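Protein chains: 2
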Amino acid sequence: MIPKSHPRYESLLLREKMVEASKEGILADSALIAHGRGEAFDYLLGERTTFPAKRAMYATVASMLLANNPVISVNGNTTALAIDDIIKLAEVLDAKIEINLFYRTDERVEKIAEMYKERGWENILGTNDDELKYIKNIENPRASASKTGIYNADVVLVPLEDGDRAEILSKTGKTIIAIDLNPLSRTAIKSDITIVDNVVRAIPFMCKIAEDLKEQDKEFLVNIKNDFDNKDNLKESLEQFKVKG
Amino acid sequence: MIPKSHPRYESLLLREKMVEASKEGILADSALIAHGRGEAFDYLLGERTTFPAKRAMYATVASMLLANNPVISVNGNTTALAIDDIIKLAEVLDAKIEINLFYRTDERVEKIAEMYKERGWENILGTNDDELKYIKNIENPRASASKTGIYNADVVLVPLEDGDRAEILSKTGKTIIAIDLNPLSRTAIKSDITIVDNVVRAIPFMCKIAEDLKEQDKEFLVNIKNDFDNKDNLKESLEQFKVKG
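Chain order of the listed sequences is V and Y. Numbering of the first sequence is given in my numbering, commencing with residue 30 and proceeding in unit increments. Numbering of the second sequence is given in my numbering, commencing with residue 30 and proceeding in unit increments.
One should not assume that every hint holds.
Which copy is meant is left open, so a pair is good if it fits within one copy or across any two.
[Stated by the list, open to error] No farther apart than 25 Å at their CA atoms in a straight line, the calculated lysine-lysine pairs in the DSS-like style are these:
id : residue 1 : residue 2
1  : K33       : K219
2  : K271      : K260
3  : K52       : K83
4  : K83       : K176
5  : K140      : K260
6  : K200      : K33
7  : K271      : K83
8  : K140      : K52
9  : K254      : K52
10 : K271      : K219
Worth flagging that the hints you see were computed from the coordinates, not collected in a lab. Since the model is a prediction, treat every value here as computed from it, not as a measurement.
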């Protein structure tokens, strides 16, 4: 039991959640290391959702509402941290959810798929039964995607994505949206929209604004989308980091 | 196999080392998360040993050479990352090595002790057979220490220490020296000397300067030690971090 008075209470709760998920076998071997990196960046960000992050989230929700086939790509870490909110977001945005594991094993895919099904989300893509194709014929496991999901998507939201895969996705012409606490990562730089925030804050925030934006007319959404400049926004995101005593 | 051309090659090698150590059972459940935090801070530091870090290391080596009973406190992470260099440093400084685990289990202590013994370091302290006492009568597992080691030490080097334990140690009047990549951590702030560097670079660097400093006269070492101001040096360490694009 972590005392509520501990200066790192919220962060320690997430840490416990991740350790638990690791024991349950839904995470890759180095997933906890990735979580630790995120923790450090979030710490330097003050563990708050910044204005540039919110702006990126408005652009994200607008883009996904305007999309023909929006897909949320999930892995072990995202699922462990935010499965309920991911399902809620997919519902409100009418988006698909696809499992994409950097270190794919049938067993992990099966376990993660089961978690979505248990919560009533039956149509989970990227499972072992799903038809997977290689993006742009790149015969690399990093490039595999569900035929009805990411392979044919126009907008893909990829929380916590690896740099190699983000690079491959960025070459497809699809709109790639990343959630990444490191604004200097390859994933952050290669994406069309980069949300520099913790997924546990970002996904619920997007659920809320999606409820609002889906009532707006199309022109308004197009304007939000077109007004967004990822390079500028990443620069502003960087400025939010504090490495001062 | 990680290709040498990968932009994060060195860092990925360490990551593999840690995943391996985790599988071997020498790490605590959340040790990989801690490693990930370190990775992120090192990344922002440019993965280099800065001048303030070097200055802190000179003060460390001088303090340990002047000490009556200097002890190096080790845990699973430090051992996994730098065991050979730790033994070398203890030899050149004529220091003791003591196992101190934040989440202590007899099994992990046994495994770690075995690693030191296999490398010819027989007198490893803090083992299951060792006499442990509570520092300042604080009856908390965080406060346990070997009677001939940390309990009676005047200078203690604690790489990768937890904030709770650093706080307890800082109340003992001993000189506490931390190696911590986060210059804002409680451990960094509570210590008398804080080396903001990666242990895999810091320990070998100290082995080198120890060979030099042990040939110098005592007055020279006293001056190095007295010239050092941790607050100023931490401030300078912070300034070394880059969160710019």
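Each hint tested on the structure:
1. Only between protomers do K33 and K219 lie at most 25 Å apart by alpha-carbon distance; the minimum there is 22 Å, versus 39 Å within a single protomer.
2. In this assembly of identical chains, the alpha carbons of K271 and K260 lie at most 25 Å apart whether taken from the same copy (20 Å) or from different copies (18 Å).
3. In this assembly of identical chains, K52 and K83 lie within 25 Å of each other by CA distance neither inside one copy nor across copies; the values are 34 Å within and 39 Å between.
4. Proximity of K83 to K176 under the C-alpha cut-off of 25 Å is found in neither arrangement, the shortest distances being 31 Å within a copy and 54 Å between copies.
5. In this assembly of identical chains, the alpha carbons of K140 and K260 never lie at most 25 Å apart, being 37 Å within a copy and 49 Å across copies at closest.
6. Only between protomers do K200 and K33 lie at most 25 Å apart by alpha-carbon distance; the minimum there is 24 Å, versus 46 Å within a single protomer.
7. Taking the shortest Cα distances, K271 and K83 sit within 25 Å of each other both inside one copy (18 Å) and across copies (24 Å).
8. Taking the shortest alpha-carbon separations for K140 and K52, both the intra-copy value of 12 Å and the inter-copy value of 21 Å come in at or below 25 Å.
9. Taking the closest pair of Cα atoms, K254 and K52 never come within 25 Å of each other, the shortest separation being 41 Å inside a single copy and 46 Å across copies.
10. For the homomeric pair K271 and K219, the shortest alpha-carbon distances inside one copy (24 Å) and between copies (20 Å) are both at most 25 Å.
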